[in-house]
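Here this note's numbering is used: position 366 in the sequence shown is 374, and no number is missing along the way.
Wrong hints could be hidden among the right ones.
Stated by the list, open to error - Quick list of the computed label-pair ranges, beta carbon to beta carbon:
{"hint": "1", "residue 1": "248", "residue 2": "44", "range": "27 to 33 Å"}
{"hint": "2", "residue 1": "810", "residue 2": "772", "range": "48 to 54 Å"}
{"hint": "3", "residue 1": "752", "residue 2": "187", "range": "47 to 53 Å"}
{"hint": "4", "residue 1": "248", "residue 2": "716", "range": "26 to 32 Å"}
{"hint": "5", "residue 1": "716", "residue 2": "828", "range": "31 to 37 Å"}
{"hint": "6", "residue 1": "216", "residue 2": "509", "range": "35 to 41 Å"}
{"hint": "7", "residue 1": "471", "residue 2": "667", "range": "35 to 41 Å"}
{"hint": "8", "residue 1": "793", "residue 2": "288", "range": "27 to 33 Å"}
{"hint": "9", "residue 1": "225", "residue 2": "545", "range": "37 to 43 Å"}
{"hint": "10", "residue 1": "187", "residue 2": "471", "range": "33 to 39 Å"}
To be verified - Subject to a maximum C-alpha distance of 25 Å in a straight line, what follows is the list of computed DSS-like cross-link-like pairs (lysine-lysine):
{"hint": "11", "residue 1": "38", "residue 2": "577"}
{"hint": "12", "residue 1": "51", "residue 2": "37"}
{"hint": "13", "residue 1": "768", "residue 2": "796"}
{"hint": "14", "residue 1": "43", "residue 2": "84"}
{"hint": "15", "residue 1": "37", "residue 2": "84"}
{"hint": "16", "residue 1": "804", "residue 2": "830"}
{"hint": "17", "residue 1": "804", "residue 2": "38"}
{"hint": "18", "residue 1": "577", "residue 2": "463"}
{"hint": "19", "residue 1": "577", "residue 2": "37"}
{"hint": "20", "residue 1": "577", "residue 2": "113"}
{"hint": "21", "residue 1": "42", "residue 2": "806"}
{"hint": "22", "residue 1": "59", "residue 2": "42"}
{"hint": "23", "residue 1": "796", "residue 2": "43"}
{"hint": "24", "residue 1": "796", "residue 2": "38"}
{"hint": "25", "residue 1": "84", "residue 2": "42"}
{"hint": "26", "residue 1": "113", "residue 2": "599"}
{"hint": "27", "residue 1": "38", "residue 2": "58"}
{"hint": "28", "residue 1": "113", "residue 2": "84"}
{"hint": "29", "residue 1": "113", "residue 2": "37"}
{"hint": "30", "residue 1": "830", "residue 2": "38"}
Hints are computed from structural coordinates only; laboratory data are not their basis. Glycine included, every Cβ here is placed at the ideal spot set by N, Cα and C.
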Amino acid sequence: MITVAGEKDKKYHDKDKDDDRDKIELRIKKAEYKKEKQRLEVKIKVKGIKKYQACLYDAVTRRQLVCRESDDDSLKFRLEPLTGSEVPCSVEVRVGDLSDSREVKHAPENCSAGSPPPPPPPPAANQPPDCRIVAPAADPVQIALGDAVDFAGSASDPEGGPLTYEWDFSGGADARPAVLDPAPVTFDRPGRFHVHFYVTDDHGNRCDATRTVIVGNPPPTTGMVPQQPAPGEPGSGDGNHVVLPFNDLGMHCADLRSYPFSVLPPFNTVNAHALRRGSEPQLLDGTVIELRYSAASNPNDPVGPNSINSTSQNYPVGASADAAQIVKSDFWDVVGPKGESNAELLFGLPPGLIRPDEGLPVHHNTDHGRYMPGIDAPYSANDPQAFSAFVAEHGWFTAEGIPMTPVDDQGRFNAYPLLRVQMVDKASGSVLATTDVVTPVSYEVDCRDCHTQGKVGADPNVWGNIFQAPASADRADIEMAAKHNILALHDAKHGTDLLSSKPVLCAGCHRSNALAAVGGPQGDPTLPSMSEVAHGFHGRLQLAADGSLLRDADGNPVLIEPNNRSGTKPLIPVGPDVPMEQNCFLCHPGKVTQCFRGAMFTAGRKCSDCHGDLLAVGGLYPLKDKGAPRTPWADEPRCGSCHGGIGGEPVRTVAYDPNDPAATPLPPLTSRFAENPGTLYRDSHGHGGLGCESCHGSPHAIWPNRNPNANDNVTAVQLQGHKGTLMECSVCHTPGSFPKGTLDGPHGMHPVNDPVWNKKHGDFYEHAAGDPCATCHGDDHLGTRLSKTPVDRVLKDKKGKVLATLKAGDQVACNLCHSLEKSFDH
9 MITVAGEKDK
19 KYHDKDKDDD
29 RDKIELRIKK
39 AEYKKEKQRL
49 EVKIKVKGIK
59 KYQACLYDAV
69 TRRQLVCRES
79 DDDSLKFRLE
89 PLTGSEVPCS
99 VEVRVGDLSD
109 SREVKHAPEN
119 CSAGSPPPPP
129 PPPAANQPPD
139 CRIVAPAADP
149 VQIALGDAVD
159 FAGSASDPEG
169 GPLTYEWDFS
179 GGADARPAVL
189 DPAPVTFDRP
199 GRFHVHFYVT
209 DDHGNRCDAT
219 RTVIVGNPPP
229 TTGMVPQQPA
239 PGEPGSGDGN
249 HVVLPFNDLG
259 MHCADLRSYP
269 FSVLPPFNTV
279 NAHALRRGSE
289 PQLLDGTVIE
299 LRYSAASNPN
309 DPVGPNSINS
319 TSQNYPVGAS
329 ADAAQIVKSD
339 FWDVVGPKGE
349 SNAELLFGLP
359 PGLIRPDEGL
369 PVHHNTDHGR
379 YMPGIDAPYS
389 ANDPQAFSAF
399 VAEHGWFTAE
409 GIPMTPVDDQ
419 GRFNAYPLLR
429 VQMVDKASGS
439 VLATTDVVTP
449 VSYEVDCRDC
459 HTQGKVGADP
469 NVWGNIFQAP
479 ASADRADIEM
489 AAKHNILALH
499 DAKHGTDLLS
509 SKPVLCAGCH
519 RSNALAAVGG
529 PQGDPTLPSM
539 SEVAHGFHGR
549 LQLAADGSLL
559 RDADGNPVLI
569 EPNNRSGTKP
579 LIPVGPDVPM
589 EQNCFLCHPG
599 KVTQCFRGAM
609 FTAGRKCSDC
619 HGDLLAVGGL
629 YPLKDKGAPR
639 TPWADEPRCG
649 SCHGGIGGEP
659 VRTVAYDPND
669 PAATPLPPLT
679 SRFAENPGTL
689 YRDSHGHGGL
699 GCESCHGSPH
709 AIWPNRNPNA
719 NDNVTAVQLQ
729 GHKGTLMECS
739 VCHTPGSFPK
749 GTLDGPHGMH
759 PVNDPVWNKK
769 HGDFYEHAAG
779 DPCATCHGDD
789 HLGTRLSKTP
799 VDRVLKDKKG
809 KVLATLKAGD
819 QVACNLCHSL
829 EKSFDH
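Let's have the full structure, built from the sequences with the hints guiding it.
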């Protein structure tokens, strides 16, 4: 027989005394099973009702247990004796239209006989769109260099939603059309190209149709070099360590040809943290371990299978760029009268100092420039190479200046090659951990769009017969002719003699902090910087009323006055409705390679939303916060300008005051997502001393990439099982690391997908000051963009009991597992 007792709880009432008698409210203050007494005890509190009937239910089976009447604001239920399945797993109390529920503390494992009512059927999952390439019908398609292919696609969405389109010609063509049926596309590079037609629906699901285009006589296919064991394979690690590698910039640019002048050499940098996993992971230095890198491949690489980049030497080995079948670089080509290479002439190095496949000897390379893995036997070796140094200031290892190019070992264009980073025990030589990382590089330091003979920057009607026509339709010949024309124009305008000084390094005169900051040429301090002459000068060019470049009587451009821009029409426009292909992507990677490709690109942002227009980037206006023009590479956009750190508030879409011509970054609203004071994102640190990039990815390529197969996503998938920001604590922490919970995770986070936290977070909340949940879960605890789950999840407690099931993209709300009222109960 079960006895029931209902009693007034005067002590409880006094403790919870509340003067707000006008508010109607019901809360369960306690629900506990006392095994030794076989008793269920439930305490409730009612506000704003003088006399009421309260009914207690088993919240799982919906079985009514007891009803009591009361005229006080506190009531206690006692049910005994109860054992096993007689004990509710959770209880619900109803008073009129009010209800509240709560899990029963110390309920036995076999509590609540029966099954809960079936949940409503989930909404039908969004289906990906269907897409096909309908023209050309043939696959593969064989064409001559300089020929065009007329592409057309078809697409449909099962739900009838809007679709977006994107064509990717894998480096074979200088375009990325975003229409269903692009105009005929000209291929200006010989080789074999895997063409993709991507279609994306309004839920982010996408499909991919492909064609192979063979242009001219493709280079011979070389054999795949051997690789070190991939993560998860035997010999890849001991499970007790983890390495977190990242590229420093998100894209490195190198000249398609270093001759006749060079803006940037092949120079790629990988940084990496090395950790010993544990409840308190330990950052490791170079005392007992070292890091090595070698070439790696992604079996799902969008470029095609077996794409690996182990060497930057041409094929056949020793061939110059002009004579090679696989052309990777002319950086080490011998062009000087004393046998000097382009590299040695450009950087003033003695002959023979650096070998082919060796990078520049910069700050952290005290032994030699970084080697490509195939340096000793190009196209057959893939030997792990040592990182440059351990940088104590940042707690990471760096491999500085790896001379990577965007051409794989089969001659295919791949701007996102992978390196395999291994943590190795110095004493035993054992591999402790392995992770792959993208080392992006692009040849798109483009001059040809304006400086090809006959175009606006090489107009023979203005300057006479000083310009050179391309030798062929090959992209390299077009670019080299454009570079010749720039030197000729520079000589004509400024009285220099650069054409007879080839090869020329622009940064030798016009300081480029990209090189100067790592120990390269410092430039001439009496001359404007490379950024000022590139962005500032070109940003001041303007159009006449007839659409031609506005010039004076001598043919010199009439430049826009920075402080009097009213009524002018810039040659290179920037604005909300101007696509990036008409400004930044004229010179920076974007038409072929996607430099800007991460989460912000997916969200629809543009370069100018963060950086401002060309005059702002060129430093023609003083920044508001320092009263001086911006310093290239030092004064950059700030995360905190847009990301305020409060989930219930929108993210800004422009990082500066639109009325500020200098585009000074707005100060952060909170410090939650801001960089370290006075430090850029790429050099900032957060949780556990880790670099921000180690969890979020590189600038311009912030995780995730919208293409699930992209090499950008490989690192995160290997480390945590899904793409996007590293948010699984298990990457570095061992299970059970947070027995009491914590809010000391990244950006003040709690443990993610942790069974202990799933069960015990209520206890943590009850002892916390204020409302620590509101920042991410919202003031109403119903979830915000900051509480979205990145993947499907089944949340369980430490006993394995299922608490909630979530789909990717669901906002985690507090009423998924219990009442919303309970989430506010301190």
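Each hint tested on the structure:
no. : hint                  : result
1   : 248 - 44: 27 to 33 Å  : violated, 43 Å
2   : 810 - 772: 48 to 54 Å : violated, 21 Å
3   : 752 - 187: 47 to 53 Å : holds, 49 Å
4   : 248 - 716: 26 to 32 Å : holds, 30 Å
5   : 716 - 828: 31 to 37 Å : holds, 35 Å
6   : 216 - 509: 35 to 41 Å : violated, 48 Å
7   : 471 - 667: 35 to 41 Å : holds, 39 Å
8   : 793 - 288: 27 to 33 Å : holds, 31 Å
9   : 225 - 545: 37 to 43 Å : holds, 41 Å
10  : 187 - 471: 33 to 39 Å : holds, 37 Å
11  : 38 - 577              : violated, 71 Å
12  : 51 - 37               : holds, 5 Å
13  : 768 - 796             : holds, 20 Å
14  : 43 - 84               : holds, 18 Å
15  : 37 - 84               : holds, 10 Å
16  : 804 - 830             : holds, 19 Å
17  : 804 - 38              : holds, 22 Å
18  : 577 - 463             : holds, 19 Å
19  : 577 - 37              : violated, 69 Å
20  : 577 - 113             : violated, 71 Å
21  : 42 - 806              : holds, 21 Å
22  : 59 - 42               : violated, 29 Å
23  : 796 - 43              : violated, 39 Å
24  : 796 - 38              : violated, 30 Å
25  : 84 - 42               : holds, 15 Å
26  : 113 - 599             : violated, 61 Å
27  : 38 - 58               : holds, 21 Å
28  : 113 - 84              : holds, 16 Å
29  : 113 - 37              : holds, 12 Å
30  : 830 - 38              : holds, 11 Å
Hint compliance for this structure: hints 1, 2, 6, 11, 19, 20, 22, 23, 24 and 26 are broken, all remaining hints hold.
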